[in-house]
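J.: Listed here are the chains, written in short residue letters.
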Amino acid sequence: MDSGGDISGNGFGGGKRCITSFVDGGSVESHRYFLARRTLLQMLRDRGYIIPESELALSLSDFRSAFGQKPDLERLRVCAFLRSNPTKKILVIFCGTDEIRKQIMVGILNQIINKDSLHRVVLILQSKMNSHARKLVDEYSVRVETFQITDLLVNITKHVVWPKHEILAADEKQTLVKKYNVEDNQFPRMLENDAIARYYALEKGQVVKVSYSGTFTDSLVTYRCVT
Amino acid sequence: MRMLVDTAVKTSRSGYLQRCLIKNLECLKVCYDYTVRDADGSIVQFAYGEDGVDVHQTSFISQFKALVENHAIIGQKYQHDLEFNNYIKELPEGLAKKAQSYIKELKGKKISLELKEPEDLLKLVRQKYISSLAHSGEPVGVIAAQSIGEPSTQMTSLTLFVVLVLHDLRLSYPACRLNTFHHAGCGEMNVTLGIPRLQEILMTAAIDIMTPIMTCPLLEGKFKTDAERLVRKVKKVTVADIIENMEVSVLPVSIDNRQISRIYKLKMKLFESQVSSFEDYEETLEVLFLRELEDALESHLLLLSRISGIKNFIPEPRSTASQGTDEDASINGLQEDENDDGDGDDNDDERGDDLGTDAEKRKRQATDEMDYEDASEDEPSEGEVLDGLGKETDQDGNEVEIAEDGEIEAVDIEDEASKPKPRDKKTKSKSKKKKKVSAARKDYDRSIFVAAKGLDFEVHFRFTNEPHILLGQIAQRTAKKVSLKSSGKIDMCQAVMSAKNDQVLWKPIDPKSKDMKTSTPTMKNDDSKPEDDKASTPIAKNDNPKAKDDKAKTTEKDDPGRWALKTAGVDFYAFWKMQDDLDISRIYTNNIHAVLSMYGVEAARETIIREVKHVFGSYGVEIDYRHLSLIADFMTHAGGYQPMSRHGSIAGSISPFLKMSFETASKFIVEAASHEMTDNLESPSARICLGLPVKMGTGCFDLMQKLEI
Chain Z
1 MDSGGDISGN
11 GFGGGKRCIT
21 SFVDGGSVES
31 HRYFLARRTL
41 LQMLRDRGYI
51 IPESELALSL
61 SDFRSAFGQK
71 PDLERLRVCA
81 FLRSNPTKKI
91 LVIFCGTDEI
101 RKQIMVGILN
111 QIINKDSLHR
121 VVLILQSKMN
131 SHARKLVDEY
141 SVRVETFQIT
151 DLLVNITKHV
161 VWPKHEILAA
171 DEKQTLVKKY
181 NVEDNQFPRM
191 LENDAIARYY
201 ALEKGQVVKV
211 SYSGTFTDSL
221 VTYRCVT
Chain G
1 MRMLVDTAVK
11 TSRSGYLQRC
21 LIKNLECLKV
31 CYDYTVRDAD
41 GSIVQFAYGE
51 DGVDVHQTSF
61 ISQFKALVEN
71 HAIIGQKYQH
81 DLEFNNYIKE
91 LPEGLAKKAQ
101 SYIKELKGKK
111 ISLELKEPED
121 LLKLVRQKYI
131 SSLAHSGEPV
141 GVIAAQSIGE
151 PSTQMTSLTL
161 FVVLVLHDLR
171 LSYPACRLNT
181 FHHAGCGEMN
191 VTLGIPRLQE
201 ILMTAAIDIM
211 TPIMTCPLLE
221 GKFKTDAERL
231 VRKVKKVTVA
241 DIIENMEVSV
251 LPVSIDNRQI
261 SRIYKLKMKL
271 FESQVSSFED
281 YEETLEVLFL
291 RELEDALESH
301 LLLLSRISGI
311 KNFIPEPRST
321 ASQGTDEDAS
331 INGLQEDEND
341 DGDGDDNDDE
351 RGDDLGTDAE
361 KRKRQATDEM
371 DYEDASEDEP
381 SEGEVLDGLG
391 KETDQDGNEV
401 EIAEDGEIEA
411 VDIEDEASKP
421 KPRDKKTKSK
431 SKKKKKVSAA
441 RKDYDRSIFV
451 AAKGLDFEVH
461 FRFTNEPHIL
471 LGQIAQRTAK
481 KVSLKSSGKI
491 DMCQAVMSAK
501 NDQVLWKPID
511 PKSKDMKTST
521 PTMKNDDSKP
531 EDDKASTPIA
541 KNDNPKAKDD
551 KAKTTEKDDP
561 GRWALKTAGV
571 DFYAFWKMQD
581 DLDISRIYTN
591 NIHAVLSMYG
601 VEAARETIIR
611 EVKHVFGSYG
621 VEIDYRHLSL
631 IADFMTHAGG
641 YQPMSRHGSI
651 AGSISPFLKM
661 SFETASKFIV
671 EAASHEMTDN
681 LESPSARICL
691 GLPVKMGTGC
701 FDLMQKLEI
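These protein sequence lines are chains Z and G, in that order.
One point on numbering: in full-length UniProt numbering, the residue at position 59 of the first sequence is 59, and numbering is uninterrupted.
One point on numbering: in full-length UniProt numbering, the residue at position 84 of the second sequence is 84, and numbering is uninterrupted.
Do not take every clue at face value.
As the list claims (entries may be wrong) - Partial list, derived from the structure: chain Z residues whose beta carbon lies under 7 Å from chain G: (1) Thr-150; (2) Leu-153; (3) Val-154; (4) Val-160; (5) Trp-162; (6) Pro-163; (7) Ile-167; (8) Gln-186; (9) Pro-188; (10) Arg-189; (11) Leu-191; (12) Asp-194; (13) Ala-195; (14) Ile-196; (15) Leu-220; (16) Thr-222.
Stated by the list, open to error - With a Cα cut of at most 30 Å, we get these calculated DSBU-like pairs of lysine-lysine: (17) G:Lys-104 <-> G:Lys-89; (18) G:Lys-98 <-> Z:Lys-179; (19) G:Lys-65 <-> G:Lys-123; (20) Z:Lys-128 <-> Z:Lys-209; (21) G:Lys-77 <-> G:Lys-97; (22) Z:Lys-88 <-> Z:Lys-164; (23) G:Lys-65 <-> Z:Lys-173; (24) G:Lys-489 <-> Z:Lys-158; (25) G:Lys-236 <-> Z:Lys-209; (26) G:Lys-98 <-> Z:Lys-164; (27) G:Lys-89 <-> Z:Lys-173; (28) Z:Lys-164 <-> Z:Lys-179; (29) G:Lys-77 <-> Z:Lys-209; (30) Z:Lys-89 <-> Z:Lys-158; (31) G:Lys-613 <-> Z:Lys-158; (32) G:Lys-97 <-> Z:Lys-164; (33) G:Lys-65 <-> G:Lys-97; (34) G:Lys-667 <-> Z:Lys-209; (35) G:Lys-89 <-> Z:Lys-164; (36) G:Lys-65 <-> Z:Lys-179; (37) Z:Lys-164 <-> G:Lys-613; (38) Z:Lys-158 <-> G:Lys-224; (39) Z:Lys-178 <-> G:Lys-89; (40) G:Lys-489 <-> Z:Lys-128.
In short, the hints are calculated from the structure, not lab data.
Model, not experiment: these values are computed from the prediction.
We put the beta carbon where it would ideally sit given N, CA and C, even for glycine.
Just need the whole structure built from these sequences, with the hints factored in.
T.: Structure below.
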């Protein structure tokens, strides 16, 4: 083992503490909420919701002073309107760290007031959700998306090498379909539960334009249809 | 000799790989709208190779100087100006950019060779581009398959060659691996390469790959010390890492319950380190470590008894000879040997043999899938065996038994449960017991005293009539297995510096930023200092910044501070947690399924290309990007990551003939018959089956004559 040597040296710098606790004295928890919230806001912006720039640029210390070291989940909620159609409203709810059972889910969903005005609900989970709760979510009158908080720590679309996605409008899709004389199922496909499709909340039949500006080619544009 | 055998053995593998590729890709052809489509008309690529250019025509397309010089010939060749059509309306962006910059250069130099106007060059490039577009009907799938398949057949012999050249040090090493490289200076981290890796990527689309790795460069302005700090955080710490010394003593005679027994005492002294608290230590050692140790002892003794059994019966070391080559063979060998001796009856043996072959035949008839089972599964175990060999040679094994055991032992534990073997009664009963009791304390446990206090750990074992063993070695091995701290699935973590072909997505260096770096190193250190100060303990505070400054100065000269973390095992979350130090937007892994589930299909597509390129790159072979991109596009075309075996996209093919002519004909015939499937004779296989010309190339259209009657 080559590891023996350097361990015998100064020993372990930080023990079990998370790296984030090195940077500042703040709690790991608030850091996690901060990252998840940042990614979430970026995601909503990319989906075309109105998110103020100040919210997006919020730094970790600002976040901590605003929400405290142990952020209140109620206060973390985000509400946003679609830019193209301000009547459409999205609500983001952070769930607690307990396992989500039916009872808890009923509680969460009952808290949503005037749900008629809502267009979508996003639930940020911190633990597993059991099948009963899942069923409840699926049957809810408003479309509910669920994300694990761990998946939101990093914005996956920010990756440098992997390509950028862009959603095609209906008329752009039509011209494409006409040009190549294809049906939806003849496009290269993207699954509905694909990470990118979930990020943009894509629905069946939508076409994304994928553009590479990678190391291998100078530029490449291709399309995928969500199925 | 080895080379010869290797070539002979591996040819079948690369051949099968090529067959799989060709069968899967045979339907792909360029259509009249320049898209690449499958037999059912679904689009695989919107433009072949992303710009539509035929691979054979690529050599001169961006060599503008040559184009200019041969201006006259090109002009002669195409009397009429070629025009863009409905589908391709302009030059591809990259080519156009390059041409523009070349024109600027020409203008700057004021040398317009034979061209009257620099702008004429654009026209020339356009001519060249349009004329080199891939023709409709081009069977690009087959071409891509061959372009991958052919170099892979060469890889077999090349492998050894490269190993010899690059790592001649390892020649003497008995376990000179054919398909893995030891990264120079990277300790024990291996990467699967060659045919096995290609099979993994293309043929099986394996979820659990043999050597998963993950890399991520550090943010700019981070130095080696940062990298090392992070490594310590991620690294798996085993018990072996914290042992300062280990002492084994044997009390030869002790009387207990009127039985003479020996007592083995194992004392360990541990390092003081801050990995975890003493309580954690104690718990791990008392529970996990002891459990593992007991199991290891038991299996070791089992092995000893088995080996001594062989020794008594057969004088010649037949079984030992076979052990090195294949673990399965060795196990089987053992089994057979014992069978023979136990029965000692020829008739019995023959009958057994007959039964065996009969059963095998029947099995084969029932499912002809058996034949195609690719041998990729045995690959990791081969590595294991070799590992064992390597380790054993390190330790001085005076006793033959112990020297041999390393190879078998790894297999032993799993095999024990699954295969009941005819053995002497004593071991049989023991293995039964083993199955029955799965509680924390097992029947065969030999420990009579355990104490873990602070940094000391002591355990006593009582042996009655078992043979003598070297407890130290067993304890050593166990200590390496039991981990105190591990982050996710990551087994190993190293800090690596930038090197060629190292699977790290480095940020491209532009010369400007390099100048910046050297001019402002002090500022950067100032930035990072407060962070450290806040975090580190008061003791570390005194020496840390100093050390860092020194380090920074030295690294500034030697390397541009480009460090990355590299792990064996893939766990994105572990790296995501460290995003203050790591450039998370450049995280990379060779596990394509992991990329697919975390970053989506397009990222997986890119990873496939990178990985295949990496495999061939390691052998110095370069494959045209168009082939790789076509294959990657085909594999991810349905939204997932499909293998190019009979379970992959070929299973969803519309042509029953194609499926039948690939593998497991009967299965597909039955399926086609029971579902009343029809074949519209689009796929090449189907047409060949019926003796028709294939709809590729000149066969993809019909000539119609308007007859005037």
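J.: Could you run down the list of hints and mark each one as holding or not?
T.: Each hint tested on the structure:
Given hint, Z:Thr-150 at the interface with chain G, holds; its Cβ is 6 Å from that chain's nearest Cβ, closer than 7 Å. Hint on Z:Leu-153 holds. Least Cβ distance to chain G is approximately 5 Å, under the 7 Å limit. With 7 Å as the threshold, the beta carbon of Z:Val-154 comes within range of chain G, its nearest partner Cβ sitting at about 5 Å, so the hint holds. With 7 Å as the threshold, the beta carbon of Z:Val-160 comes within range of chain G, its nearest partner Cβ sitting at about 5 Å, so the hint holds.
A least Cβ separation of about 4 Å between Z:Trp-162 and chain G falls short of the 7 Å threshold, and the interface hint therefore holds. Interface hint status for Z:Pro-163: upheld, as the beta-carbon distance to the closest one in chain G is roughly 5 Å, under 7 Å. Residue-level restraint check for Z:Ile-167 is violated (minimum Cβ-Cβ distance to chain G is 14 Å; threshold 7 Å). Checking Z:Gln-186 against chain G: minimum C-beta separation of about 4 Å stays under 7 Å; hint holds.
A distance limit of 7 Å between C-beta atoms decides the matter here; for Z:Pro-188 the minimum to chain G is near 5 Å, and the interface restraint holds. With a cut of 7 Å, the hint placing Z:Arg-189 at the interface with chain G holds, because the nearest CB-to-CB distance is about 4 Å. Among the interface hints, the one on Z:Leu-191 holds; its C-beta lies about 4 Å from the nearest C-beta in chain G, closer than the 7 Å criterion. Evaluation of the Z:Asp-194 hint against chain G yields a held restraint, the C-beta minimum of about 5 Å falling below 7 Å.
A hinted interface residue such as Z:Ala-195 counts as satisfied when its beta carbon comes closer than 7 Å to some beta carbon of chain G; here the least separation is about 4 Å, so the hint holds. Hint status for Z:Ile-196 relative to chain G: holds, with the closest Cβ pair at about 4 Å, below 7 Å. A hinted interface residue such as Z:Leu-220 counts as satisfied when its beta carbon comes closer than 7 Å to some beta carbon of chain G; here the least separation is about 4 Å, so the hint holds. With a least beta-carbon distance of about 5 Å to chain G, the hint placing Z:Thr-222 at the interface is held under the 7 Å criterion.
A threshold of 30 Å between alpha carbons decides the hint, and for G:Lys-104 with G:Lys-89 the separation of about 24 Å falls inside it, so the pair holds. This hinted pair checks out: G:Lys-98 and Z:Lys-179 have alpha carbons roughly 28 Å apart, not beyond 30 Å. Between G:Lys-65 and G:Lys-123, the direct Cα distance comes to roughly 14 Å. Compliance with the 30 Å bound is thereby established for this hinted pair. The straight-line distance between the Cα atoms of Z:Lys-128 and Z:Lys-209 is roughly 33 Å, outside the 30 Å bound, and the hint therefore fails.
With a C-alpha separation of about 25 Å, the suggested pair G:Lys-77 and G:Lys-97 falls inside the 30 Å cut-off, and the hint holds. Taking the CA atoms of Z:Lys-88 and Z:Lys-164, the gap is near 26 Å; set against the 30 Å cutoff, the hint holds. In summary, the hint linking G:Lys-65 to Z:Lys-173 is not supported, as the alpha carbons are separated by about 40 Å, beyond the 30 Å threshold. Pair hint G:Lys-489 plus Z:Lys-158 holds up; C-alpha atoms about 24 Å apart against a cutoff of 30 Å.
Taking the CA atoms of G:Lys-236 and Z:Lys-209, the gap is near 42 Å; set against the 30 Å cutoff, the hint is violated. About 23 Å separates the Cα atoms of G:Lys-98 and Z:Lys-164, which keeps this hinted pair within 30 Å; it holds. With a C-alpha separation of about 19 Å, the suggested pairing of G:Lys-89 with Z:Lys-173 holds against the 30 Å cut-off. Between Z:Lys-164 and Z:Lys-179 the CA atoms are separated by roughly 23 Å; this keeps the pair inside 30 Å, and the hint holds.
Proximity of G:Lys-77 to Z:Lys-209 is assessed by CA-CA distance (about 38 Å); at most 30 Å being required, the pair is judged violated. For the suggested pair Z:Lys-89 and Z:Lys-158, the alpha carbons sit about 25 Å apart, so the restraint of at most 30 Å is met. For a cut-off of 30 Å, the pair hint linking G:Lys-613 to Z:Lys-158 stands: about 24 Å separates their Cα positions. About 21 Å separates the Cα atoms of G:Lys-97 and Z:Lys-164, which keeps this hinted pair within 30 Å; it holds.
Straight-line distance between C-alpha atoms of G:Lys-65 and G:Lys-97 comes to about 15 Å, which keeps the hinted pair within the 30 Å bound. Of the pairs offered as hints, the one joining G:Lys-667 and Z:Lys-209 is violated, with about 39 Å between alpha carbons and a cut-off of 30 Å exceeded. Of the pairs offered as hints, the one joining G:Lys-89 and Z:Lys-164 holds, with about 23 Å between alpha carbons and a cut-off of 30 Å not exceeded. Restraint check for G:Lys-65 and Z:Lys-179: the C-alpha separation of about 36 Å exceeds 30 Å, so the hint is violated.
Between the alpha carbons of Z:Lys-164 and G:Lys-613 the distance comes to roughly 22 Å, so the proposed pair stays at or under 30 Å and holds. Between Z:Lys-158 and G:Lys-224 the CA atoms are separated by roughly 26 Å; this keeps the pair inside 30 Å, and the hint holds. Our distance criterion of 30 Å between C-alpha atoms is met by Z:Lys-178 and G:Lys-89, whose separation comes to about 16 Å. With a C-alpha separation of about 20 Å, the suggested pairing of G:Lys-489 with Z:Lys-128 holds against the 30 Å cut-off.
Going down the numbered hints, you'll see the structure goes against 7, 20, 23, 25, 29, 34 and 36, while the others check out.
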